[in-house]
Amino acid sequence: VFAISGVMAAKEHNFDIVGASVLAFVTALGGGTLRDVLIGQTPVAWMRDINYLIMVFLSLPICYIALDTISRLRRSLFLFDTIGIALFTILGLQKTLDIGLMPIIAMLMGVVSAVFGGVIRDVLVNDVPLIFRKEVYATACFAGALVYYFSQLFSPYHFVNVAVSLTVVMVIRYLAVKRQWEIPFQPLELPKKYKRR
Amino acid sequence: VFAISGVMAAKEHNFDIVGASVLAFVTALGGGTLRDVLIGQTPVAWMRDINYLIMVFLSLPICYIALDTISRLRRSLFLFDTIGIALFTILGLQKTLDIGLMPIIAMLMGVVSAVFGGVIRDVLVNDVPLIFRKEVYATACFAGALVYYFSQLFSPYHFVNVAVSLTVVMVIRYLAVKRQWEIPFQPLELPKKYKRR
Amino acid sequence: VFAISGVMAAKEHNFDIVGASVLAFVTALGGGTLRDVLIGQTPVAWMRDINYLIMVFLSLPICYIALDTISRLRRSLFLFDTIGIALFTILGLQKTLDIGLMPIIAMLMGVVSAVFGGVIRDVLVNDVPLIFRKEVYATACFAGALVYYFSQLFSPYHFVNVAVSLTVVMVIRYLAVKRQWEIPFQPLELPKKYKRR
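Protein chains in written order, with our numbering: chain A, 1 to 197; chain B, 1001 to 1197; chain C, 2001 to 2197.
Careful: at least some of the hints might be erroneous.
Selected chain A positions facing chain B (Cβ under 10 Å, derived; list incomplete) [unchecked claim]: (1) Gln41; (2) Ala45; (3) Thr96; (4) Asp98; (5) Leu101; (6) Asn126.
Just so you know, these hints were derived from the structure itself, not from any lab. For clarity, every value in this text was computed on a predicted model and none was experimentally measured. Ideal placement from N, C-alpha and C gives every residue a C-beta, glycine not left out.
Use the sequences and the hints to build the structure in full.
Okay, here's the thing in C-alpha cells:
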C-alpha cells in the first residue's frame, strides 16, 4: 500500500520508472529504516530479511499496470493504508520495547515507523510533508500505540490487543476524514507583521 | 530555544499542532541525533535520557501561548540561541572526542550538533536551509569548537575554557549580524550563460 | 568530481563559501555515509580515515578558482564523473559484501553509495533530485554492480573485473546521454483528472 502511494507521487511528478521504484521503496521502507537507524538496529531490517524487498518489488508491476484502477479504489486503499500504518506502529513499538528502551520512546518509534516513509517521500519530491498539514495521521498512530502498550500491560490476549489498537487507529482516521477534523494550531491571534528571522 | 524556532517555522507555514510539535523536536534534537547516528552512538541520546524529550515537551505550551511575546523578544532570543548553539557545539565535540575520534572530526561533529537541527527543519518545510545563505552560523560554531579544543589542550580550567569558547561564538555572531558580514563566495566572475548540467 | 558538482549547485543558488563547502562535502561523502549508517558501519568511513576529508578539502580551492574553466570541460568532467560513480558503486558493493550481507543488498548499497550524495545535495538546495527525472544514472550503476558481482564470482582477475564493470557503466551512460534514452514510466494512459490524495 505504501509502495502504491510512492508510485502515485512519482507519477504525479513525471518521474521515470527508476525514480518511481526508488520512491516506492522509500515510502514503504523509509519509516522502519529510520527507526532502525535511530535505535541502533543496523544493518536495518530489510537488509537482513529479503522478504521486505521482495514484497515491494512484487507490488511494483501491479502499481504500474493498475494505477488507473487503483486510483478509483480510494475507499479500499484508505482501509488498507490505515491497517498498514496501524501494523507498522505496533511492530515498531514492539521492536523498540524489545531492545529495552522506554515505553514513551517505543511509542514514538512506532509512529516514526508508520509515518516517516511518507515524510521522506514528500521531501524527495519537494512537497511539504502531508503530515505537517492536514491529516490526523500521526495522532491516530500515537493513539493506537498508546492503546496497544497499555492493553499489553493489562491483558494477556495479544491478538485482541492488536485488534483493538487497529480499530482505534481506523476509527480516529475515519472520523477525522469524515468530519474534516483539524487540530487547531494556535488559539491566540498573532499580528500579521510577524515574520520568522 | 531551538524548539521555539521550530514552532515559528511551523506557524509560518500554517502547520497544525502535531506538525509544530514534530518541527520543534526535530529542530531541537535533530543535530544531536544526526551526530549520534554518524558516530555510531545509537540508540541516540534522547532515547536513553528522557530529560531531552521532557524539556522540549515542556517548552511547547510556552511556545504556543507566548509566541507573540516571544517574537518581540528578538534580542534576548538571539542571546539564548547563541548560547544554545555554543553549548551544543562543545557537547558534541566532547562526546565525539570521548569515543576516540580525531579532533577535526570532533569539531565538525560539534558544528553538526549545533546547526543540523535547523537544516533538517528547513528541509522539512521546504525552505533552502538558512545556513547555506547568509548566517555566519556554522563559522561561528567552528571557531568556538577550535578555541574550545585548543584551550582544553593547554589549560586545565574546564569552566574557563567553556566560557571563552562561548564568548568567541557570541562575539563572532554578534559582529556578523551587526556589520552584515557575508562570506564571499567566489572572487572570479562567471559567465552568466553558465548553467549546471 | 562530486565536490565540483556540489560547488556548482552552490554557485547556482548563490550560497556563501560555507554553504558551498558543506554542499561539496555532502555530495562527495553523502552516499557513502548513508550506506555506512544503513549497514551499521559507524563511525562512518570518513571519520576513521582522514584522507576522505583532506581530498574534498583540497578540491575546494580548485573549484572556487577554476569553476569557470571547469564548466567548459563538460566532456572530461562527464568522463571523470562516470568513473567516479562506477568506483563508488564497486567499493560500496564490496564493503557491504564484506560484512556478510546478501549480494542483492550489496548491489543496492553500491548504487546508494554512488547516487545518494547527489540526492542529498538536491534535497538540500530544494531541487527535485535529478535521479528521479532523466538520467539513466542509477540504472548504469546497478548494471555495473551486477556485472562486477558476477564477474567476481566466476573470474579471479579482480582488476579485469573492475575494468569491465567500469566500462559497462560508462557505455550505458554514454549511450543514454547520446541517444537521450529515457526509461518510460507507464505504458498505460491515465485519466488527467487523476490526483494524488
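**Request:** Compare the structure with the hints numbered earlier in the document and write down the numbers of the violated ones, lowest to highest.
**Result:** 2 and 4
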